[in-house]
Structure formats: C-alpha cells, structure tokens
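Asker: First residue of the sequence shown? That's 14 in my numbering, and the numbers climb one at a time after it.
Be aware that one or more of the hints could be misleading.
Calculated pairs, SDA-like style, for lysine to any residue (alpha carbon to alpha carbon, straight line, at most 25 Å) [said to hold, decoys possible]:
| id | residue 1 | residue 2 |
| --- | --- | --- |
| 1 | K97 | Y73 |
| 2 | K17 | P118 |
| 3 | K33 | K17 |
| 4 | K183 | E142 |
| 5 | K183 | H143 |
For the record, the hints were derived by calculation from the structure and aren't laboratory data.
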Amino acid sequence: MNSKIIMDTNVAAKAAALQKDCRLEEMKMQRKCAEFIGEFVNNPSSQLILDMNYEIVHEYRKRIPHETDLGRIFWRWFNTYVGKIPFENMVRLEKDSDGNYVSFPLEERTEKFDRSDRKFIALSIAHSEHPPVVEASDGKWYGFRDVFAEYGVHIEFLDIDYAAMMYERKIENKRNDEL
C-alpha cells in the first residue's frame with residue numbers, strides 16, 4: 014500500500030456502511046474497503062492528500078457515516094491527521110472561469126467523466142508526487158483508467174473485478190437504451 018494516497022469518498026463510505034445497506038453482490042467489495050481503511054488508519058506512515066478548499070473534506074463529511082464502528086474509527090484517525098497534515102499534502106486546486114479544475118485533463122476522452130469526481134484526478138495531477146487515487150469499485154472510473162494513466166494518474170481499485178462488472182453493466186445498459 015502506498016503511504017501517500019488520494020482516497021475517493023466511496024472507499025470509506027462503503028467501508029463504514031451498515032451491512033444491511035449493501036447489496037449481496039457488494040459484500041466482498043465492502044470487506045475489501047473495510048480492510049483497506051483498517052490498514053490505512055493503523056499505519057503510522059499513512060498520508061492522505063487533500064485540497065485546500067476542503068471540497069473533499071466536505072464530501073467526506075456528507076457521505077461517510079459517523080455512527081458506525083468503522084465510521085468512528087475513520088473519523089477519529091481523520092480528525093487527528095488533519096490537525097497535523099504536512100503542508101505539502103494540502104494542494105490548491107485552481108478553477109477556470111467555467112468552474113473546471115485547471116489541472117484536470119479536460120479533453121474529448123475525459124469530458125464525460127463525472128464532474129464531482131474530477132477533483133480527485135485534478136489533485137493527483139496537481140500534487141508534486143502524483144499519488145494514486147484509491148477507488149472502491151466505481152465502474153465509471155474503470156472506463157477512464159487508461160486515459161488518466163496517460164496523464165500520470167494511477168487509479169488503484171480495491172475490487173477491480175467488481176468495478177469491471179459495474180462498467181460492463183453500464184455499457185450494456187447504454188446499449189439497451191440506444192436500441
């Protein structure tokens with residue numbers, strides 16, 4: 014595991030979700046997220062890269078449960094970490110006049126990438142070390158992984174099989190919609 018990462022919100026959100034709130038097919042992926050969070054928060058060298066505008070922090074606060082055991086473990090670690098975060102791990106993300114992240118590689122192949130997730134890609138590119146983005150399983154990300162790799166962004170899927178399955182479903186649904 015890399016010690017410096019950017020973590021998509023769904024990693025901790027899925028890890029901290031109640032099992033009753035997960036579909037049966039998500040259980041393995043949720044377990045992988047929980048194992049990742051457990052290892053990450055217990056590793057003293059773990060470092061989370063964040064943006065200076067706190068966009069990621071605000072998203073974490075909205076989506077990662079505080080009331081579950083794993084949610085409490087994550088938030089205890091996070092609140093301690095933020096109080097001592099190294100300056101180089103807080104990155105300013107500049108936006109253009111249209112609200113697009115300047116460091117996000119906006120081009121024909123990336124224009125359909127979810128606007129709310131662009132901050133994670135922009136953050137990896139803007140950080141001097143280009144840390145990987147840890148992603149739970151989002152099929153949307155799976156379809157863009159090769160394009161972002163061309164820009165030096167490595168996406169680490171905790172459950173790549175699940176992400177591939179979700180991507181295939183999305184493509185299949187899109188084909189069915191076009192018929």
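Asker: What are the numbers of the hints the structure violates, in ascending order?
Answerer: 3, 4 and 5
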